[in-house]
Structure formats: C-alpha cells, structure tokens
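Line by line, the protein sequences are chains A and B. Heads up, the first sequence is in our numbering, so the first residue is 97 and it goes up one at a time. Heads up, the second sequence is in our numbering, so the first residue is 97 and it goes up one at a time.
Hints are computed from structural coordinates only; laboratory data are not their basis. Keep in mind the model is a prediction, meaning the values are calculated, not measured. Possibly wrong hints are sitting among the right ones.
Result set (DSBU-like, lysine-lysine): computed pairs, CA atoms no more than 30 Å apart in a straight line [what the hints assert, rightly or not]: (1) B:430 - A:312; (2) A:430 - A:440; (3) B:430 - B:245; (4) B:257 - B:440; (5) A:440 - A:257; (6) B:312 - A:430.
Next come the chains, spelled out residue by residue.
Protein chains: 2
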Amino acid sequence: MSELVDAAGEFLLARSAVDDDRFLRDFASMSAFGATPAGGLEREAATPPHGAVRRWLAAWLEDRGFTVCRDRIGNMFGLVELNPDAPYVVVGSHTDSQPRGGRFDGAYGVLAAAHAVSRVCRHYRDTSAVPAVNLAVVDWFNEEGSRFKPSMMGSAVLTGKLDLDVALDTADTSGTTVRTALAAIGELGQLDVFDDAELPSAYVEIHIEQGRILDKQGIDIGLVTSTWAANKYEIAVVGAQAHTGATDMADRQDALYAAAKAVVAVRELADRYPEGRIHTSCGQLTVLPNSPVVVAREVRMHVDLRSPSSHILAEADAHLQQQFAEIAVTANVKFETRHAHVWKANFYHQSGVDLAQAAVRDLGFSSREIRTRAGHDSTNMKDIVPSIMLFVPSVDGISHAEQEFTEDRDLLNGVDLVAEILFRLTRGHALGGDHLDWNSLT
Amino acid sequence: MSELVDAAGEFLLARSAVDDDRFLRDFASMSAFGATPAGGLEREAATPPHGAVRRWLAAWLEDRGFTVCRDRIGNMFGLVELNPDAPYVVVGSHTDSQPRGGRFDGAYGVLAAAHAVSRVCRHYRDTSAVPAVNLAVVDWFNEEGSRFKPSMMGSAVLTGKLDLDVALDTADTSGTTVRTALAAIGELGQLDVFDDAELPSAYVEIHIEQGRILDKQGIDIGLVTSTWAANKYEIAVVGAQAHTGATDMADRQDALYAAAKAVVAVRELADRYPEGRIHTSCGQLTVLPNSPVVVAREVRMHVDLRSPSSHILAEADAHLQQQFAEIAVTANVKFETRHAHVWKANFYHQSGVDLAQAAVRDLGFSSREIRTRAGHDSTNMKDIVPSIMLFVPSVDGISHAEQEFTEDRDLLNGVDLVAEILFRLTRGHALGGDHLDWNSLT
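From just these sequences and the hints, can you work out the full model?
Here is the structure:
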C-alpha cells in the first residue's frame, strides 16, 4: 500500500470503495439490534438490544485485534496499542438510543471510530513508522439519559463530574438500577480503563448534526466550536388526590392542571426571544395516579432550557421560576425541584478545530463552524482533554425520531475525516489545551 | 325474636349491638385486601388483591347459605331464594378500587348489602311469613374504570349498554384483556345470572357520598334523586417526535405542549360557570415516548365533563371543541377523539325515594334529597328496573384518595336502612316504574 500525498506535501490515508462498502454493510448489521419497523431503534441503555449490539461490536473489534474491556460505569473500550510508551487518543460515541429513536444518533460515531482506527492500524502494519499515540474506540454508557438520568452518564463518571456509586445506584422508573441493568447484560466492568493517573491525550467524536444547518446549506462537515448552555430540572408538582366528579372545582389541588400550565409557560418562554436564542421543552411528564376519574396528586416533569448564551439562559430561567411560583398559588399546589443538571455554554479547543479544518481541506470537503445545541460526551471530555467534535448532515434536521436520516455519502465522508484526523495524530500532530472563546467564534 | 312496630304500625327489622360489632369487624377484614400503609386501598379490577377480596366475600356468603355465582362479565352474585315463585331484588355495589383509593368507596356498599340481606333472612327463619321477593347481593365488576375503561363495566353489560365481547376484549395499558385478567383471578363466569328474560324487580345501592354536603350539614342519609350528565372522552394529540435540544422551536409539533394547553382549557372551562354547574377534569395523561430530551410525538388524555344540566354540558362541550381546534393550529398537531362515553342527566324512581324516605323517618334518621355527581352502577340499573340509591356522609367529602373516611355510626346507620328497605320489599312494598323529573326536584 502506498502513501498518498496532497499538494501541500501532507500524507493522506489510503481509502477505497471496498472500505466504503464494508462500512455501510457493518452499519446495516449494527442497525438491526433494536430495529423498529419504521427504520428507527428502540435500544435504551442496558436493555437487551443494547447488550446485543455491544456483543456484536465487541466481536467486531476482537476479530480485528482490538483488546476489548469495560470500565466500572459500563463504558466499553476497544484498545489498540501501537507504541507502548505513548498515550491513547480516544475516539467514539454511544450505541444506546432514545425510545423510538433514530439509527444514526451515536451508533454512527462508534462505527465510524472503529472503521477509522482499523484503517489507521492497517496503514501502520505496512510501514516501519512508529505511531506517536495509541488508539482506543469508545462506546460510552448511557449518553441518551432516557432510561437513567442524567444523560452522558459514562463520560460524566470518567471525567469526575458524577460520582461512580451515585451513577450505579440510579434507578429507572421501574426501580432497576444502573448496576443491576449493566450486570444483566454483562457490561459492568471491574476496573477503570482511563483515570486521572492515565488520561488520554485527546478525544475525537463524530455525530450527526441533529439540526438542519448543514443540510440546508449543502455543507459536508460541521466543525463544532462550542456547546449551548443548558439547565435541566426534574420537578415534582404536588397536589392532592380527589374524585374528579364529586370534588368541587374550588376544593381541588390538581397537580396536572398546574403541571399543564407549567408546560405551557416553558414553551411560551421561548417565544419571548428571537428563534435560536433559547430552546425550551418538557418531553417527560408522569401523572400519579393517572386514573381517568382521579384528580392527580402529583406530576413529575422534566424541564429543559438551552441557550447559546449563559446570560439569556439565566434571565429566562428566573422568569420561569417566577411563573411557577404564580402557578403554585393559582392551583394550590407546590413545585419541588428534585434534581438539577446544569452546564454553561463553553468551548472546544482551537488546536482541534484547526487540525480538523486542515484535514477537511486536504480531503476536499466543504465545512463550516457550528455550535451544538445537543449535549454529547465530548461536552464532558473537552473539559479534561483536547477534544474534536465533528458533525455530518442530518436530512431535515430530524433526530430522536425514527425518520432520522443521513445520506451514505455523508456517512462515508465522516469516516474518512475521522481516519485522517487520527492518522495525523499518530504522526505526531499534538493538540494544545487552549479552548476557543467568544471572540473567536464566527 | 319479636317484630318491632313503630308508631304508625309499620314493622321494623330487629337490630342489635352484636350486629353492629360484626359489621365493623367484617369491614376491617375486608379492608385488609390491597390495604396501603396510609389506610387506603390499591385494589384495581381483576388484580390479585381484588381476586383475594372476592374469595373472602364468596366464603362469607357461602358460610351464611347464599349461593355464589359469577356471570360472563365477572359480576359476582350471592343469591338467597326465599320464595321460588318470586323475582329477585338485587342489592350491592363494587369491591374494586382506584389506585391508592379509599377503603369505603364501593366496598362499604357490598358489605352493607351482605349484612342487610343476612339480617332479613334471619328474620324469615323465625317466622312463617312468605317473603314477596328473593334477595341477591351483587359485587359489580370494574365499577372504577381505572384499569379497564369504561367504568361501571359490569352493570353496563348486564343492562345491555355495552357489548359483552367488547368488554371482555378491553385491554389495560399493558395489553392484558378483561377476559384474561378475570380468568387469572378465577372470576370469569360461564352464564348469565340475570338477563332480559329474568330481570330483578328492583335494585338497591348504598355508597359513601364522595362529596361534602351531608357531612357539612350534619345529615345522616342522602336520598339520591338524579345523576349529573357526563361526557367522557379519550383524546389522542398527535404531533411529531424530535430532539428537544436540536430542533428549532418553530419546527416543533409538540404533542405535550398542545395537550398541556388542552388540560388548561378543560380546567378553565369550569371557571366560566358558577360553582356546581359543571365539573371538568383531566386525570389521565400519557406521553409518548416520554423521554426528557424528546419532543413528544403523541399524548393520550382522558377528558371528563359533568353537569347537572345536559344543556350546560352541551354548551361547554362545544366551547371546548372550538378551543381544541384552535390549539391544534397553534401547536401544529392533530386532536383525535378515540373514544367517547356519554350519559345524560337523569332520574331515579319516585317510588324508591318515597320508600327510602319512609324507612329513614321510621328509623329516626335525618335525610335530604341529593344529586350524585359521580357515576354508580345504579346509574345503569335505574334505566331497566326501579332503583334506590342511598348515600352516607364522607368526612370532608374526600374520595378516590387514601384519606377517604366515614364514621362508624354512619356506616351502621346505612346498614340498618338498607336492611329496613329490603325488609319492606320482602313484605310486599312494590316499586313503581315512574322516574322523577325536573319539576319534582327540591
């Protein structure tokens, strides 16, 4: 196999139509685990279909010489040691899905990572060159957070933002803990794979955009420069259970009435700002006891506020809290915040964006800088190691839905780009620790 | 045992402190099946605790010489034939409860019926008189409707308002049908016990008020003259699933936002009328897929409108439908009515109220006429046979809640009254078929 050199004298990794075919075939195989009739996935964290796709992935990696291991929060790693004295670069995403989610969200990034590492390793088998780093594919545990909250759990534990035992003791709505669920699918490891004493030197993740900017503008690759700030709350609205027919309207302490007013307030909060300044939602709401002829005694709801500006987020949040206080009086109920998960708007690394930008240019792709509104495991990882986050287009921006779709061409472009970035890191490109800042954003 | 005669020469049934003690002890035993720590019940239709209370009840009845049988929709009857040529009078209520419901709702009426019939039978064992009717205790299947909809299922099938197979094929939210659930607890009968060819001659039911009128006014007994009209709807709000963070606010078809606006509209519809003219509620609401970071694709909700006036109900309903249409446009979703269960305001029998009124007076109780806002199995039965519906007080009007409470004295008064009414029916008091009407209401 010969090395390719671009006009500027940079080496480019070999690619082929055979590689492309294999990737698409593997992606189809992977998408069968938890597949829904409408082309999506039902593969929540640590459910049987999630266990099945992990066994498939582990076999794929072991067949190609990776050493597969799981850490104590169920992150799965596929390690390739190329240079015993060098640090690891970690690359990956997650194989868990939302209920009736799409088959690209997360899973694409894991398979792209596996193929890209495999391609880099193949290159080194044919040369005497010594790579500057080792490579590890990661499948983070519970990025989605639909079954076990919070989201991005595996990377939060690895980066020290979430206590391991708190995470393992987290229960789903049926009372099953993360610990029990991971053990049941055989994915609960006994050791740390990476820890403070032995951090990776960089992290790379590719993901579908889950928005329509790239698709609308016909651009191949998004180079992620920053994340939106987010405030996520679990709220309990506490009223009093009563008979719907027999109880006077004035005597009711209807938790669902109050929760409904809160959902409306959350949605209409966004209308106070121009589009794109704040996103608000309530996607989860549980009514107790949820009987047709019983006034609800309690409603548990999840409120999600996101903004590119921490300032706007704080202002909107304060306004919402005031509205909740007024609703509590109107409906004669209490609002209790049971849990909060908050992160500020912050930035990826300049050196990572620069490296990705150079690779994009040399491969002949188009790109633009972009902010991510969704959280990703790189949101956690970028706070401890230089990180690169890449997007490929999502048709119509649809995500967390079975209709989620990305064109084959875009999938394959992404694999090439990840391979090329990893290749450059193995050839000694080091990433600096400087985060971007507001002034650098286009 | 001697017969008692009041001032007007009417016979009164014997009562004793021993009877009272036995009733309270039996009520405590019965309340243990499905008991919650807070003093309520979790005994939804055809669940294991419901099966257990039925086995207890069947043994109680058989021990006292009743013939116990179940019909094809799982109504349980305890028959006592006193005169082979006479028709039956049926008396009872239901032993199923709401989730975290109270221990008096329904169960009290069944046990009061059993004790009252037992007391009347004891009287006839000591005389040579031939009763004019036979007596049957009934425990109707699925009055509550929390697990299987609609409510008042057993009496709806017996009265021909609901098709037997439709009822048996009704599934709960986990997909278990009435047929399967009844068979599992051994309560699915093979035959009709009562049908069009052999109707009872009267129906009697006693129940806690589930309102605060008797309690507030210090009155012993409510004589029910009429029911409120009710419109109950199962509605599906259909939007489109999407990522809460990544999807532009303007692009959302958020089913939960629309459903929340609908819940608020339902509640605030009641504020358009004076208290007591209309009750509205939404007690059941289910979000799909119900994940914190997913815009809901569908919400299923149960809307319940009730009024003493069919006219007000129709007017309010039309206003609400108009609001739903406007919400559908605002939120870019569809409202689909999946099921409707509707009944008009209507009336009990003049002869029944008169008989109960006379018995109340002779027993020295206070009483008032009252309308029921809740539905009861007598709502169905009164349309085919002369029916008497009685209330005892509920402390603070609390019902469908664990705090539901009725004083022992009121429970015992009710048993005495039912026994006395049954006694008078066995002595040849016949009930006429004339319903009350608007002009007769106080």
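Do the hints match the structure? See the list:
Straight-line distance between C-alpha atoms of residue 430 (chain B) and residue 312 (chain A) comes to about 27 Å, which keeps the hinted pair within the 30 Å bound. A threshold of 30 Å between alpha carbons decides the hint, and for residue 430 (chain A) with residue 440 (chain A) the separation of about 28 Å falls inside it, so the pair holds. For the given pair, residue 430 (chain B) sits about 23 Å from residue 245 (chain B) by alpha-carbon distance, which is consistent with the 30 Å threshold. The hinted pair formed by residue 257 (chain B) and residue 440 (chain B) meets the criterion: a straight-line CA distance of about 14 Å does not exceed 30 Å.
For the proposed pair residue 440 (chain A) and residue 257 (chain A), the alpha carbon gap of about 14 Å is at most 30 Å, so the pair holds. At roughly 27 Å between alpha-carbon atoms, residue 312 (chain B) and residue 430 (chain A) fall within 30 Å of each other, so this suggested pair holds.
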